[in-house]
Amino acid sequence: MKGYILINLIIFKLFSVCDGLCIVPVADLLKKSAKEIFGESVDIKEAYRSLLMGDVNCKREYQILYNELVEIIQVCNEEVQIRVPHIIYFDPEQNLYTNVYWTLKENLACLFDLISANVDLNKIPEEISFNQEIIPDKSIIVLKEPIITDENLAFSAGTRFKIAFKNYDHAVYCYFLNKNLEQKVLKIPRYKINFYEDKDIDERILDFVKLLRGWANLKFGFIPYLYSGSSFIYPYFTDTILERENDKTFYKDELEVYPYVGFDCSCIISRGAQICNLPYFYKDSITLERNLEQLTNFSDLKNSDIIWFPGHVVIVSDVENNLVLEARGYASGFGRVHECHINRMFGNINSFYELFNAKKENKKLKLLTKDGGLRYLIKDYKILSLKSGLYKEFKSLYNPVSQLDTSKCYRIN
Numbered sequence: 001m002k003g004y005i006l007i008n009l010i011i012f013k014l015f016s017v018c019d020g021l022c023i024v025p026v027a028d029l030l031k032k033s034a035k036e037i038f039g040e041s042v043d044i045k046e047a048y049r050s051l052l053m054g055d056v057n058c059k060r061e062y063q064i065l066y067n068e069l070v071e072i073i074q075v076c077n078e079e080v081q082i083r084v085p086h087i088i089y090f091d092p093e094q095n096l097y098t099n100v101y102w103t104l105k106e107n108l109a110c111l112f113d114l115i116s117a118n119v120d121l122n123k124i125p126e127e128i129s130f131n132q133e134i135i136p137d138k139s140i141i142v143l144k145e146p147i148i149t150d151e152n153l154a155f156s157a158g159t160r161f162k163i164a165f166k167n168y169d170h171a172v173y174c175y176f177l178n179k180n181l182e183q184k185v186l187k188i189p190r191y192k193i194n195f196y197e198d199k200d201i202d203e204r205i206l207d208f209v210k211l212l213r214g215w216a217n218l219k220f221g222f223i224p225y226l227y228s229g230s231s232f233i234y235p236y237f238t239d240t241i242l243e244r245e246n247d248k249t250f251y252k253d254e255l256e257v258y259p260y261v262g263f264d265c266s267c268i269i270s271r272g273a274q275i276c277n278l279p280y281f282y283k284d285s286i287t288l289e290r291n292l293e294q295l296t297n298f299s300d301l302k303n304s305d306i307i308w309f310p311g312h313v314v315i316v317s318d319v320e321n322n323l324v325l326e327a328r329g330y331a332s333g334f335g336r337v338h339e340c341h342i343n344r345m346f347g348n349i350n351s352f353y354e355l356f357n358a359k360k361e362n363k364k365l366k367l368l369t370k371d372g373g374l375r376y377l378i379k380d381y382k383i384l385s386l387k388s389g390l391y392k393e394f395k396s397l398y399n400p401v402s403q404l405d406t407s408k409c410y411r412i413n
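The sequence shown maps to residues 1 to 413 in the working numbering.
Check each hint, because a few of them may be wrong.
Once the Cα atoms are required to be at most 30 Å apart in a straight line, the calculated DSSO-like pairs of lysine-lysine come out as [unchecked claim]:
(1) LYS387 with LYS199
(2) LYS166 with LYS144
(3) LYS35 with LYS199
(4) LYS199 with LYS59
(5) LYS45 with LYS32
(6) LYS59 with LYS123
(7) LYS302 with LYS199
(8) LYS199 with LYS219
None of these hints come from the bench; they were simulated from the model.
Construct the entire structure; sequences and hints are all you get.
Structure, rendered in structure tokens:
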């Protein structure tokens with residue numbers, strides 16, 4: 001039996017450096033361990049549960065989803081330090097790119113343990129990685145809308161599954177692990193699925209814009225803003241829930257949901273892009289600004305391009321009708337993913353053409369709040385090409401390991 005397990009693990013590792021699997025619908029990640037951030041006496045699980053929604057004093061760095069593979073660096077008590085292959089960020093403090101995070105140990109399963117439990121690793125979707133070009137795998141599907149299973153498991157948009165078989169009328173049957181880590185088959189409606197197809201890059205960009213516009217204009221409710229959030233499960237939020245929408249530290253204590261779900265301005269781009277099979281891996285506005293090319297002429301502007309200013313990014317969703325799309329925080333009164341005319345975002349701009357002229361003339365932008373008031377003036381801003389940031393190589397990525405005392409830690413080999 002041990003020989004069988006070892007052979008299966010060796011075969012898997014020939015194609016992947018990953019040795020951990022996310023087994024919860026959504027897992028919050030931190031940049032450092034909870035003990036480093038909050039102190040040695042902190043209740044680690046409570047520290048993760050108390051992460052806020054807004055951007056003030058929130059220590060969340062990213063979220064991974066069910067079935068996403070990671071590389072385990074070390075385990076320290078209740079936490080695990082990991083590398084996430086499908087997202088990177090530039091760390092100004094260390095002047096390098098990295099993909100190292102921390103999460104709760106209970107969020108992951110070690111692949112060795114899964115094989116010991118007779119889990120077939122071939123029924124788990126391969127990871128998306130910035131170290132390799134994304135190649136459409138027609139045996140894998142990805143959710144473009146959330147689902148809730150008969151076992152009351154909720155899976156976020158962006159969750160990937162291996163196909164077991166198809167019902168060509170209305171459903172696809174996929175492999176998943178239930179709460180007991182038993183491999184079962186899950187029925188998923190076809191309209192909630194994006195299939196990996198042989199589309200060129202421009203077709204995939206069109207799919208990306210269509211996906212995000214759908215998220216921004218849900219028939220019922222909306223997707224909330226979540227600092228460093230990269231998930232979408234619960235679409236039934238209403239204005240009455242956001243009574244404290246101008247409070248920067250707002251969080252939904254009205255809802256018994258853990259972890260919180262939603263998007264921030266940058267992660268909605270990376271999650272949506274990867275759903276549509278685009279090789280885009282930038283976690284935040286700092287990282288994407290360093291890797292996307294600036295546009296200087298209005299004639300070059302395309303749907304999917306990005307308006308950047310310090311701390312925020314906005315997506316060009318409809319050039320012809322001057323529409324923009326964003327996930328905006330609570331201080332401006334939004335707290336959600338939404339789409340609007342550009343003049344509702346910038347008080348002195350009525351079209352993208354005017355935006356380019358303002359940039360050429362070094363004019364400041366007037367960022368507006370939800371009620372039309374002035375939030376602040378923007379001096380530094382850029383219009384960036386999304387397409388220019390695809391297929392970037394980060395094979396020499398340096399991943400620093402935290403200087404945390406590792407006397408109580410161990411590596412998983």
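Do the hints match the structure? See the list:
Proximity of LYS387 to LYS199 is assessed by CA-CA distance (about 15 Å); at most 30 Å being required, the pair is judged to hold. At most 30 Å may separate the alpha-carbon atoms for a hinted pair to count; LYS166 and LYS144 meet this at roughly 17 Å. Distance restraint check for LYS35 and LYS199: the Cα-Cα separation of roughly 46 Å exceeds the 30 Å cut-off, and the hinted pair is therefore not satisfied. Annotation: proposed proximity of LYS199 to LYS59 is violated, straight-line Cα distance about 38 Å (limit 30 Å).
For a cut-off of 30 Å, the pair hint linking LYS45 to LYS32 stands: about 14 Å separates their Cα positions. Taking the CA atoms of LYS59 and LYS123, the gap is near 34 Å; set against the 30 Å cutoff, the hint is violated. Our distance criterion of 30 Å between C-alpha atoms is met by LYS302 and LYS199, whose separation comes to about 18 Å. In summary, the hint linking LYS199 to LYS219 is supported, as the alpha carbons are separated by about 28 Å, within the 30 Å threshold.
The structure does not agree with the numbered hints 3, 4 and 6 stated previously, though it agrees with the rest.
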